[in-house]
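Note that the protein sequences, when read in sequence, are chains A and B. Residue 445 in this note's numbering sits at position 321 of the first sequence, and the numbers go up by one each step. Residue 17 in this note's numbering sits at position 22 of the second sequence, and the numbers go up by one each step.
Hints listed in this document are in silico derivations from the structure and should not be mistaken for laboratory results. Each hint should be verified, as a subset may be incorrect.
[Stated by the list, open to error] Interface residues of chain A toward chain B, partial, derived using beta-carbon atoms under 7 Å:
# : residue
1 : Pro181
2 : Ala315
3 : Asp338
4 : Gln399
[Unchecked claim] Covered stretches of chain B, as calculated for chain A (at least 3 residues, CB under 8 Å):
# : segment
5 : 129 to 138
6 : 143 to 152
A virtual CB, placed ideally from N, CA and C, is assigned to each residue, including glycine.
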Amino acid sequence: MSLRNTLLFFFAGWFLAISLLQARLNPESIRGLQDYVRSFRKTTGVSTDQFKIGFLPVTCHLTCPVTDFINVQTTGHGTFEPVRFNSWPELKEAYLAGYTPATFILAPMAIALREQGVPIKIVYLGHRDGTAVMVHKDSQIYRMEDLRGKRIAVPNRYSNQRLIFFRALKNAGMTIDQIQLLEMPPPDMPAALYSKSVDAICSGEPFMGQTELDGYGRVLWLTKDVWPNFISCVLAVREDVIATRREDVQALVDGIAKSGKWLDKNMANRMSAAQFVSKNYYMQDPRLLTHVLSKPPDRVKYTRLSPLQPDFEEIEALGVESGILKGTAHFADYVDPSFAEAATAKVEAWNFAGPKP
Amino acid sequence: MEFRGTEAVSTATADPPARKQDDDAPPERRREPHAWLKLALPLAVAGIFLLFWDVAVRVSASDIFPRPMDVVRGIGELVQKDLLLKYIVASLFRVTWGFGLAVLIGVPFGLFLGWFSRAYQAFNPMIQIFRPISPIAWIPVAILWFGITELAPIFLIFLASVFPITVSASAAVQNMQPVYLRAAQNFGLSRLQLFRRIIFPSCLPQIITGLRIALGIAWLVVVAAEMIAVNSGLGYLIIDARNAGKRYDLVVAGMIMIGLIGLVLDLLVRRLETFDEVRWGYANRG
């Protein structure tokens, strides 16, 4: 066969075969393309599509998959579509592009986006506490003062995990020049601590708990020891969506609130969530979530999730001090507390006993 | 530019009909008795590498880095969960479309630039500016334009491969032997005939080499392209496994699958070089 015929037959066949296989094995990718094409045809009117909500596989965003799972189990369909990202920049960019109208996001990052003119409103908190500072078990670091001159990994400059060091330094009478903070994606932190390329790591769970489970990490302190009721992530929604789809946003916040109460109701619920979230959303070993949701039980909390002004004023102040915020946006600019207030007034925990066998 | 070097020399010094006759019989006889070595030597190197890897992990007593058998078990787990084929197909699908579009646009555009020197002068600086930009840097743009759909990774793979293809196609035309053109002019060929019978065939060997390099690059960027929140693919497998706690066996499994499929892709493109239409361009390499 000549080159031309070979190329024609082989490549036409290959394009067809691989595309058909993709449609069969990964049907969601083709559906995504259809949605994308459809998004161009829509010129007027309010979107009625399911929300896409960005989240990362961390405990700070646990209520997102829990709500989706319970919705699907109890009603057969979700009220929103959770989209799992792998890192902060991509999650933020998908939100800025309007692809995810709502997202779980770092609180200082949401405030900074507001300062930069992004139409973002915080409607609810993701969690309280749920962050630890880990050191290598062989290290001689036992107090904040021992971190002097050490290298500490934090997830992002806009993370509260970075801000908490400013607060902890102040408590210990130290300054930021005495430690070395560096940014690192949380999934890489355990290996960095193991190889002792950093002296301490700080991020949301379950990456910190993992170092404990694998036997080389030791808790230096939990956030509750340094900054009680610590907030790192919040649920944020675009302002235009709040204006046009209030009911959907309220349903979303109600669902997240129900999940929070359900998670904090008893340990059995938490263990159940550890199993179904690990297997269906985070693709992690369930041991990890089981560990961080139970040891100790107040390591991360999912109640009292209404955004409160004093909490955010403190974040603002630390943000300005650490140089990531200008201090031009305030609580009323970037928070819409109405959904949380309505949810708090009426919402009870889900009546959900665990997945159907 | 960089493709001009060795390729240009080999094309320029080739003397198609004569070389072909010289080459036909003797090499077959020369290689026959040691044909098994072609398989045995690479396998031996791979075996030594695996042994070295296993010993190195054991000696360092690392319980983070997996041993070869852990990786084999990891691959077995992926097969059991029906994930391996799904991920391979997803990655190949993206590379197929990204690379396919790059060929469709890059080859004609490259030939055009090679033929019209004014166009080359106009476009070349822009191409050289875009060419060294890593696809990772394009991720925000890809998300902004295409959201978290299949189009985003396809776009990134397209970007990574279209520039090398364009550059090699234009260099191929520029390095064409003037003697072909003069002969064609003597025969009074029309413009279309000139392109179909002279320019394209004489550039083909160099274009195929460019495609081979670009396919390698396209497959190389699959991990970066799948950093976007797609939920399938071998690159996704690696990123996902990093999220999943201590599953570095799956990270390495993803690396090995990417490497093995890259090898197969390269072998396939190399088959193209055995066609007569292409082979004359490499004849003097022996």
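Each hint tested on the structure:
For Pro181/A, the interface hint holds, since its Cβ comes within 7 Å of a Cβ in chain B; the closest pair sits about 5 Å apart. Proximity of Ala315/A to chain B holds as hinted, the smallest CB-CB distance being about 6 Å (cut-off 7 Å). Here the hint on Asp338/A is kept, as its CB sits about 6 Å from the closest CB of chain B, short of 7 Å. Hint on Gln399/A is violated. Least Cβ distance to chain B is approximately 15 Å, over the 7 Å limit.
For the segment 129 to 138 of chain B, the proposed coverage by chain A is satisfied: 3 residues have a C-beta within less than 8 Å of a C-beta in that chain, meeting the threshold of three. Given as covered by chain A, the segment 143 to 152 of chain B passes the check, having 4 residues with a CB less than 8 Å from a CB of that chain where 3 are the minimum.
Against the hints set out earlier in the document, a violation occurs for number 4 only.
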